[in-house]
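Protein chains: 2
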Amino acid sequence: RKSTAEEEEDVSLEDPWQDEEYFGSYGTLRLHLEMLSDKSRTEAYRQVILSNSASLKNKVVMDLGCGTGIISLFCAQLAQPSLVYAVEASSMADYTRQLVKQNGSEEVVSVLQARAEEIELPERVDVLVLSGWETFEFMVESVLLARDRWLREGGVMWPSSAALTLVPCQAHSYYDEKMAFWERPYGLDFTPLQPLAQQEFFTKPKFSHLVEPADCLSAPCDVISLDMYTLQIKDLEEIKGQFQFCVEKPGVFHGFTTWFTAHFESLETGSPPVELNTGPHFKPTHWKQTLFMLDNPVSVCAGDSISGSIVLHRNPVWRRHMTITLHWNVNGSTEETENCKFPMWR
Amino acid sequence: RKSTAEEEEDVSLEDPWQDEEYFGSYGTLRLHLEMLSDKSRTEAYRQVILSNSASLKNKVVMDLGCGTGIISLFCAQLAQPSLVYAVEASSMADYTRQLVKQNGSEEVVSVLQARAEEIELPERVDVLVLSGWETFEFMVESVLLARDRWLREGGVMWPSSAALTLVPCQAHSYYDEKMAFWERPYGLDFTPLQPLAQQEFFTKPKFSHLVEPADCLSAPCDVISLDMYTLQIKDLEEIKGQFQFCVEKPGVFHGFTTWFTAHFESLETGSPPVELNTGPHFKPTHWKQTLFMLDNPVSVCAGDSISGSIVLHRNPVWRRHMTITLHWNVNGSTEETENCKFPMWR
Ligand SMILES: [Ca+2]
Ligand SMILES: [Ca+2]
Numbered sequence: 001r002k003s004t005a006e007e008e009e010d011v012s013l014e015d016p017w018q019d020e021e022y023f024g025s026y027g028t029l030r031l032h033l034e035m036l037s038d039k040s041r042t043e044a045y046r047q048v049i050l051s052n053s054a055s056l057k058n059k060v061v062m063d064l065g066c067g068t069g070i071i072s073l074f075c076a077q078l079a080q081p082s083l084v085y086a087v088e089a090s091s092m093a094d095y096t097r098q099l100v101k102q103n104g105s106e107e108v109v110s111v112l113q114a115r116a117e118e119i120e121l122p123e124r125v126d127v128l129v130l131s132g133w134e135t136f137e138f139m140v141e142s143v144l145l146a147r148d149r150w151l152r153e154g155g156v157m158w159p160s161s162a163a164l165t166l167v168p169c170q171a172h173s174y175y176d177e178k179m180a181f182w183e184r185p186y187g188l189d190f191t192p193l194q195p196l197a198q199q200e201f202f203t204k205p206k207f208s209h210l211v212e213p214a215d216c217l218s219a220p221c222d223v224i225s226l227d228m229y230t231l232q233i234k235d236l237e238e239i240k241g242q243f244q245f246c247v248e249k250p251g252v253f254h255g256f257t258t259w260f261t262a263h264f265e266s267l268e269t270g271s272p273p274v275e276l277n278t279g280p281h282f283k284p285t286h287w288k289q290t291l292f293m294l295d296n297p298v299s300v301c302a303g304d305s306i307s308g309s310i311v312l313h314r315n316p317v318w319r320r321h322m323t324i325t326l327h328w329n330v331n332g333s334t335e336e337t338e339n340c341k342f343p344m345w346r
Numbered sequence: 001r002k003s004t005a006e007e008e009e010d011v012s013l014e015d016p017w018q019d020e021e022y023f024g025s026y027g028t029l030r031l032h033l034e035m036l037s038d039k040s041r042t043e044a045y046r047q048v049i050l051s052n053s054a055s056l057k058n059k060v061v062m063d064l065g066c067g068t069g070i071i072s073l074f075c076a077q078l079a080q081p082s083l084v085y086a087v088e089a090s091s092m093a094d095y096t097r098q099l100v101k102q103n104g105s106e107e108v109v110s111v112l113q114a115r116a117e118e119i120e121l122p123e124r125v126d127v128l129v130l131s132g133w134e135t136f137e138f139m140v141e142s143v144l145l146a147r148d149r150w151l152r153e154g155g156v157m158w159p160s161s162a163a164l165t166l167v168p169c170q171a172h173s174y175y176d177e178k179m180a181f182w183e184r185p186y187g188l189d190f191t192p193l194q195p196l197a198q199q200e201f202f203t204k205p206k207f208s209h210l211v212e213p214a215d216c217l218s219a220p221c222d223v224i225s226l227d228m229y230t231l232q233i234k235d236l237e238e239i240k241g242q243f244q245f246c247v248e249k250p251g252v253f254h255g256f257t258t259w260f261t262a263h264f265e266s267l268e269t270g271s272p273p274v275e276l277n278t279g280p281h282f283k284p285t286h287w288k289q290t291l292f293m294l295d296n297p298v299s300v301c302a303g304d305s306i307s308g309s310i311v312l313h314r315n316p317v318w319r320r321h322m323t324i325t326l327h328w329n330v331n332g333s334t335e336e337t338e339n340c341k342f343p344m345w346r
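Chains as they are written, first to last, in the working numbering: chain E, 1 to 346; chain D, 1 to 346.
The set of hints was computed from the structure by calculation and includes no laboratory data.
These numbers were taken from a predicted model, which means no experiment stands behind them.
Be aware that a few hints might be false.
Dumping the calculated SDA-like pairs for lysine to any residue here, alpha-carbon to alpha-carbon at most 25 Å [said to hold, decoys possible]:
1) LYS283(D) to ASN296(E)
2) LYS249(E) to ASN296(E)
3) LYS249(D) to LYS234(D)
4) LYS204(D) to LEU145(D)
5) LYS59(E) to SER37(D)
6) LYS206(E) to THR285(D)
7) LYS206(E) to SER37(D)
8) LYS59(E) to SER309(E)
9) LYS206(E) to SER309(E)
10) LYS288(D) to PHE201(E)
11) LYS39(D) to PRO195(E)
12) LYS39(D) to LYS59(E)
13) LYS283(E) to GLY187(D)
14) LYS39(D) to GLU200(E)
Computed far set for chain E versus chain D, every beta-carbon distance over 12 Å [unchecked claim]:
15) ARG124
16) PRO195
17) ASN315
C-beta atoms are modelled at their ideal positions from N, C-alpha and C, and glycine is treated no differently.
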């Protein structure tokens with residue numbers, strides 16, 4: 001098996017969008033199964049359709065990045081839209097067509113194999129649903145292009161907004177497993193490997209982390225909010241957020257954990273939105289959470305303040321990549337300002 | 001991320017040994033940490049050194065594929081060999097040297113950065129230890145070359161022999177998760193995806209499987225035995241085994257699970273060997289077990305007989321790869337002979 005670094009080197013510089021890689025990976029069943037098996041995610045979408053079924057009547061819907069087409073099928077079977085355009089760029093689209101037919105929805109659901117930029121429709125749509133949605137990987141640019149071109153004035157986007165949440169946390173078991181391990185394994189001193197461990201395990205985010213609520217050192221804080229109606233492509237180049245946490249109990253500050261929440265506004269005015277919260281206080285989703293480790297753990301006391309900023313920089317060459325930079329200090333001490341830069345790409 | 005198929009296509013046809021890929025991956029800390037953190041594996045080696053410490057006095061040892069050098073350090077600290085050659089092909093060797101020094105063993109342990117084929121020593125060795133050992137991936141050819149060239153007449157190899165064990169088993173949760181899932185997810189009929197699921201999940205072995213003893217349908221059977229003293233490189237082209245199982249309880253025959261056991265003979269005549277058994281009746285190791293799924297599950301009754309053969313074919317081009325072919329039938333019915341061919345490469 002190749003390391004991730006080697007894989008990246010293989011990527012042709014001629015395709016800075018890495019479309020082949022990106023859409024190719026969506027052609028494999030494993031990822032679709034992972035999303036479908038995620039009940040929190042799939043049931044949230046189902047709930048959105050169900051709770052809006054009256055308003056969806058005779059509406060035109062676009063399901064962008066539809067994958068197997070499950071959201072389109074929810075629309076067709078739980079509501080009465082006049083038409084659902086199910087758009088999928090990968091070759092999965094052939095199967096999507098079969099699934100639509102198998103479930104008797106071919107009169108309502110029209111499957112298009114196309115990238116967001118290539119879509120050609122006879123009309124604008126009332127509702128734009130993103131189902132293969134991963135906020136902070138830049139399929140969002142394609143979404144904004146589709147929005148500007150195909151969503152009618154006053155139309156609805158699902159999700160309608162997304163928030164990125166941050167919390168300072170303990171990560172004792174991860175730290176022990178990857179770093180403290182080298183101190184005295186089997187009675188030997190393996191500390192010369194710690195810089196290598198630092199480089200290999202702590203300079204990249206740890207995806208698929210599940211933070212225990214008890215390991216959160218303070219109340220989480222929404223640091224970035226994206227309004228899917230007003231967000232512009234140029235905004236994606238640099239997205240900034242601020243945070244100030246008050247430590248609630250003594251502990252070891254190992255890093256920051258992040259997750260996102262998606263909001264699906266109701267078509268009926270006054271009704272509450274459906275929320276899909278991927279944080280530690282809800283049932284784990286297939287996204288889990290993401291852990292950013294500090295270079296060194298910091299002991300903190302109840303009442304300490306951790307403040308700073310987060311910046312998401314879009315990679316100037318690899319347009320689906322980004323770098324996350326965290327600046328932070330404890331109790332305003334500028335000497336202790338830390339600066340962690342993480343490449344962000346699964 | 002690229003799919004495995006795409007990764008394989010990228011591999012240059014000019015290097016059928018894929019040495020760069022192979023040794024490159026051993027240069028990353030993650031794999032060393034995985035092996036070191038595996039207490040069953042590491043403690044088995046420690047036990048081998050400890051229980052042979054008297055006999056190791058003044059012996060010359062080669063630790064082939066030494067990685068971080070932990071086995072060499074066990075030799076130096078728990079016994080009194082005259083010299084340990086710690087051989088590591090990857091750039092980890094630089095760190096191995098540091099670790100040897102850090103632990104005060106540089107008088108006894110000599111670190112060589114070399115592939116097995118490139119080793120140059122002033123003498124033959126009394127004991128050849130394989131520490132980065134994974135039986136059924138073909139680093140074994142390099143081991144045999146080193147054995148023939150550097151192990152003295154009557155010298156000892158650790159491990160001394162290895163057995164591949166097979167058991168017919170149930171795998172309900174894996175089957176349900178990957179195949180039955182499509183029958184009625186969220187009230188929809190997704191069975192058109194089952195052939196794709198078959199192809200994606202069941203035509204390759206499932207590595208890192210942990211079979212429950214309760215899911216074993218009969219007593220396990222050693223199907224292949226490799227004697228590390230007499231094994232020849234040409235034997236690796238095709239390795240065959242036979243099996244006959246008697247089903248002990250009614251159940252669903254989903255596939256075969258395999259694992260290996262390594263035996264480390266004692267330097268003292270009459271003393272029992274140390275065994276490292278990676279099977280389901282022992283503490284899980286980092287190798288876990290490997291599951292080979294049948295195309296279709298078969299219901300079996302107590303008293304049924306499952307018999308057949310297993311063949312490991314070395315890939316004629318990719319010399320570290322192999323194909324595993326399983327032929328089997330239930331109760332001697334030749335009509336039902338099944339034939340499963342699995343590429344074997346992690
Ligand atoms: Ca830093
Ligand atoms: Ca077959």
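Hints, verified against the model:
1. LYS283(D) to ASN296(E): 34 Å, violated
2. LYS249(E) to ASN296(E): OK: LYS249(E) and ASN296(E) at ~19 Å, within 25 Å.
3. LYS249(D) to LYS234(D): Given pair LYS249(D), LYS234(D) is violated - Cα atoms ~40 Å apart, limit 25 Å.
4. LYS204(D) to LEU145(D): Judged against 25 Å, a Cα distance of about 30 Å means the pair is violated.
5. LYS59(E) to SER37(D): Distance of about 57 Å is beyond 25 Å: violated.
6. LYS206(E) to THR285(D): Given that 25 Å is the threshold and the Cα spacing comes to 23 Å, the pair holds.
7. LYS206(E) to SER37(D): 19 Å, holds
8. LYS59(E) to SER309(E): 42 Å, violated
9. LYS206(E) to SER309(E): Given pair LYS206(E), SER309(E) holds - Cα atoms ~20 Å apart, limit 25 Å.
10. LYS288(D) to PHE201(E): Holds: LYS288(D) and PHE201(E) sit about 23 Å apart, inside 25 Å.
11. LYS39(D) to PRO195(E): 23 Å, holds
12. LYS39(D) to LYS59(E): 60 Å, violated
13. LYS283(E) to GLY187(D): 22 Å, holds
14. LYS39(D) to GLU200(E): Judged against 25 Å, a Cα distance of about 22 Å means the pair holds.
15. ARG124: 28 Å, holds
16. PRO195: The claim breaks: PRO195(E) does not keep its Cβ more than 12 Å from every Cβ of chain D (closest is about 10 Å).
17. ASN315: 16 Å, holds
Figure legend: structure checked against the earlier numbered hints; hints not met, in rising order: 1, 3, 4, 5, 8, 12, 16.
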